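There are 2 protein chains.
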Amino acid sequence: MFGARCLLRALRSCSSAPCPRHRPAARVSVRGALGVQNANGERVTVQGWIRSVRSQKEVLFLHVNDGSSLESLQVVADSSFDSRELAFGSSVEVQGQLVKSPSKKQNVELKAEKIEVVGNCDAKAFPFKYKERHPLEYLRQYPHLRCRTNILGSILRVRSEATAAIHSFFKDSGFVHIHTPVITSNDCEGAGELFQVEPSSKIKVPEENFFNIPVFLTVSGQLHLEVMSGAFTQVFTFGPTFRAENSQSRRHLAEFYMVEAEISFLESLQDLMQVMESLFKTTAMTVLSNCPKDVELCHKFIAPGQKDRLEHMLKNNFLIISYTEAVEILKQASQNFTFTPEWGADLHTEHEKYLVKHCGDIPVFVINYPRALKPFYMRDNEDGPQHTVAAVDLLVPGVGELFGGSLREERCHFLEQRLARLGLTEAYQWVL
Amino acid sequence: MFGARCLLRALRSCSSAPCPRHRPAARVSVRGALGVQNANGERVTVQGWIRSVRSQKEVLFLHVNDGSSLESLQVVADSSFDSRELAFGSSVEVQGQLVKSPSKKQNVELKAEKIEVVGNCDAKAFPFKYKERHPLEYLRQYPHLRCRTNILGSILRVRSEATAAIHSFFKDSGFVHIHTPVITSNDCEGAGELFQVEPSSKIKVPEENFFNIPVFLTVSGQLHLEVMSGAFTQVFTFGPTFRAENSQSRRHLAEFYMVEAEISFLESLQDLMQVMESLFKTTAMTVLSNCPKDVELCHKFIAPGQKDRLEHMLKNNFLIISYTEAVEILKQASQNFTFTPEWGADLHTEHEKYLVKHCGDIPVFVINYPRALKPFYMRDNEDGPQHTVAAVDLLVPGVGELFGGSLREERCHFLEQRLARLGLTEAYQWVL
Numbered sequence: 001m002f003g004a005r006c007l008l009r010a011l012r013s014c015s016s017a018p019c020p021r022h023r024p025a026a027r028v029s030v031r032g033a034l035g036v037q038n039a040n041g042e043r044v045t046v047q048g049w050i051r052s053v054r055s056q057k058e059v060l061f062l063h064v065n066d067g068s069s070l071e072s073l074q075v076v077a078d079s080s081f082d083s084r085e086l087a088f089g090s091s092v093e094v095q096g097q098l099v100k101s102p103s104k105k106q107n108v109e110l111k112a113e114k115i116e117v118v119g120n121c122d123a124k125a126f127p128f129k130y131k132e133r134h135p136l137e138y139l140r141q142y143p144h145l146r147c148r149t150n151i152l153g154s155i156l157r158v159r160s161e162a163t164a165a166i167h168s169f170f171k172d173s174g175f176v177h178i179h180t181p182v183i184t185s186n187d188c189e190g191a192g193e194l195f196q197v198e199p200s201s202k203i204k205v206p207e208e209n210f211f212n213i214p215v216f217l218t219v220s221g222q223l224h225l226e227v228m229s230g231a232f233t234q235v236f237t238f239g240p241t242f243r244a245e246n247s248q249s250r251r252h253l254a255e256f257y258m259v260e261a262e263i264s265f266l267e268s269l270q271d272l273m274q275v276m277e278s279l280f281k282t283t284a285m286t287v288l289s290n291c292p293k294d295v296e297l298c299h300k301f302i303a304p305g306q307k308d309r310l311e312h313m314l315k316n317n318f319l320i321i322s323y324t325e326a327v328e329i330l331k332q333a334s335q336n337f338t339f340t341p342e343w344g345a346d347l348h349t350e351h352e353k354y355l356v357k358h359c360g361d362i363p364v365f366v367i368n369y370p371r372a373l374k375p376f377y378m379r380d381n382e383d384g385p386q387h388t389v390a391a392v393d394l395l396v397p398g399v400g401e402l403f404g405g406s407l408r409e410e411r412c413h414f415l416e417q418r419l420a421r422l423g424l425t426e427a428y429q430w431v432l
Numbered sequence: 001m002f003g004a005r006c007l008l009r010a011l012r013s014c015s016s017a018p019c020p021r022h023r024p025a026a027r028v029s030v031r032g033a034l035g036v037q038n039a040n041g042e043r044v045t046v047q048g049w050i051r052s053v054r055s056q057k058e059v060l061f062l063h064v065n066d067g068s069s070l071e072s073l074q075v076v077a078d079s080s081f082d083s084r085e086l087a088f089g090s091s092v093e094v095q096g097q098l099v100k101s102p103s104k105k106q107n108v109e110l111k112a113e114k115i116e117v118v119g120n121c122d123a124k125a126f127p128f129k130y131k132e133r134h135p136l137e138y139l140r141q142y143p144h145l146r147c148r149t150n151i152l153g154s155i156l157r158v159r160s161e162a163t164a165a166i167h168s169f170f171k172d173s174g175f176v177h178i179h180t181p182v183i184t185s186n187d188c189e190g191a192g193e194l195f196q197v198e199p200s201s202k203i204k205v206p207e208e209n210f211f212n213i214p215v216f217l218t219v220s221g222q223l224h225l226e227v228m229s230g231a232f233t234q235v236f237t238f239g240p241t242f243r244a245e246n247s248q249s250r251r252h253l254a255e256f257y258m259v260e261a262e263i264s265f266l267e268s269l270q271d272l273m274q275v276m277e278s279l280f281k282t283t284a285m286t287v288l289s290n291c292p293k294d295v296e297l298c299h300k301f302i303a304p305g306q307k308d309r310l311e312h313m314l315k316n317n318f319l320i321i322s323y324t325e326a327v328e329i330l331k332q333a334s335q336n337f338t339f340t341p342e343w344g345a346d347l348h349t350e351h352e353k354y355l356v357k358h359c360g361d362i363p364v365f366v367i368n369y370p371r372a373l374k375p376f377y378m379r380d381n382e383d384g385p386q387h388t389v390a391a392v393d394l395l396v397p398g399v400g401e402l403f404g405g406s407l408r409e410e411r412c413h414f415l416e417q418r419l420a421r422l423g424l425t426e427a428y429q430w431v432l
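In order, the protein sequences belong to chains U and X.
According to the numbering used here, the first sequence is numbered sequentially starting from 1.
According to the numbering used here, the second sequence is numbered sequentially starting from 1.
By construction, these hints were calculated from the structure, which means they are not laboratory data.
Hints are supplied without guarantee of correctness; some may be wrong.
[To be verified] Derived contacts from chain U toward chain X, CB cut-off under 7 angstroms, selection only:
(1) Ser29
(2) Ser52
(3) Val53
(4) Phe169
(5) Ser173
(6) Phe195
(7) Glu198
(8) Ala231
(9) Ala244
(10) Met313
[What the hints assert, rightly or not] Far from chain X, some chain U residues (derived; all Cβ distances over 12 angstroms):
(11) Lys57
(12) Ser91
(13) Phe211
(14) His224
(15) Pro240
(16) Phe265
(17) Glu267
(18) Ile302
(19) Asp308
(20) His312
(21) Phe318
(22) Ala345
(23) His348
(24) Leu373
A quick note: this is a predicted structure, and the numbers were derived from the prediction, not measured.
Beta carbons are placed, not taken as given, at the ideal position from N, Cα and C, and that holds for glycine.
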């Protein structure tokens, strides 16, 4: 479904008749205009929202932004254009010539020939003030306007770029994309509290059950992907997943997007880690090269210094240590932890942070976790005296655990034994 | 989250030591192997599932498929490799040399030097028979195996290609991708029956409400996108949407994926239709050029002749007629319709089919629908005597309505009047 909030009608009258004097002005985005090399008076039309107004005796300076980039385009107009309607927040259409800017702040500016106000903005009613940096908590109150701020604009552009990069990476690597179901009757490995789904009219007809069985929002597409990898070898999904955990932390959302992949015929964790490292690096590099200014802004105000750390990560090969080595490193640490590191216990956030720092702020794969910590389907390493499985987690500076994965147990008798010990044989009969 | 069902362990022992006689065999997909021009004895490893076995006196022919393409790779082996384990459905790893095939059926074949059975298949227990074409209803019983059939493999590869093409199209056209929420408290324009969402543990604590208000699965991201288009100008989403309509037809699914886009500053339906036509053509051309064999199979067994029709559509410009013209065409038709065509009434499937045929099996945009048929936010054309809005539907041969869209009403007093008439002023106060 498509739509367009058509904000400008006045233009229509002139658009049907050809303009005799000039070639028609090409409509370009702000990003497109700013990217013009050696601007030489090209006639263009730019549409967007006014970010700032500076009125001088004979000249009017506007900054216009259309969300295509963090930077705004400087519009230079004759003071005769000055009007009360050209205010912070108003939407405008500007026709004019792209020229080299005399200022060092930008390469290009737009010499306005015509400015139309598409939509007024009542500056008094508008909740954001010009040049003011509003805290994120304040912006939360205006979900329909907050994406017009620099910070949320940048975050959403970065997210959009990363999403596209992830799709491209898997496509270029020969993976088949699968839309795994959102409504499902299985709860995967009991990854958390579930949301149940029922038709809202069910209240009226309580004896009727829409799907015949109770259904939930998916917590993971893993089981569906495993089935699909038995047909396509390499598959991935990138869809919404849900957890009904009622905790207020930035690590627990009710709804979030997750990338999941399954590969058949994989022989070692090494191959798996290579896919993970490539995915991380390709995505990060795409974002860095396609929206460097957005990254800079985010890292200036949200995670100071993170951009340098990211570039440091991209230059180096990721490290690999075993869970057992990780516990040894933690035991020898001079730092005091809230949770004492011990073989067989989960790694806590404080441990993950220490490990990453210990490794020189380079992402580190931790492999071969204790069997007791991991779900039944991970491949038994048959080692001793401490029993481990071929699982891997990727710890990343500033994030903690980013990816997790494992070789899957394919040997039927191992699965049978393990399920029997866990008392799950009946529930997972179909796996066998 | 990543995983790999590791099916082959035997190989590991030899992978760590370098092989003295040969260069290591590169692992290639079946698609990759089939695409080699002038095969000249390259040493490769191919993994996949056996699709057919033909044993002759001195030679054994296998067809191996890994899901990367519809076609299988022919493996030619010495009869000494013959074993009961090399059966239909088994998974194998084959090392050998890629050579030119003497047969005209394929360019390339794999001369096997080593064949490992990764996973046995009990042909008696396997529900699909070799060379048999099973009806789709039968395949439905085996959701975990059916994607190994030609027909479902093709459909899912086509879907994956189309998904990637849609993402690329919007990215290349400067749209920002937005993940609109799946769990939401608004029901858009009342597009249908809703699914309600509650934590499954709620049954135990009935007085507690997870989100404080009733929440539903989204029926459309349109309202969220409209807000976002006010910041980024051009935005799109491609996510799951839900309808709780309890009807068993191929047009009504409880869960389906929908592409939605919003564009600010759009001046005419013409511009909107251009985006729709480009999206359709780009996606169709990508699918046709990236998986022609899959398309052929689908169109041979699911929609006979559809491929030619598709190519016919791609060669021609789409047509545009007004709703009023469409009704005139239907009234003058020699065909008898179940629903008599009349100005002011919805176009039914039979009408859509007739219109598309009448237009020479080329997709046709129907524009300017009666105001009474469309939701309040579509732009009033202020025409007479028959009152219409600037809405557009794209009718496509073999499909019916594929896209719908409209210019959005931006004039506040029009919205107020319309909402008042519909008695919706209070519910939609926030729009104004």
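Practice item. Determine which of the earlier numbered hints do not hold for this structure and return their numbers in increasing order. Key: 2, 3, 4, 5, 10, 12, 13, 14, 15, 16 and 17
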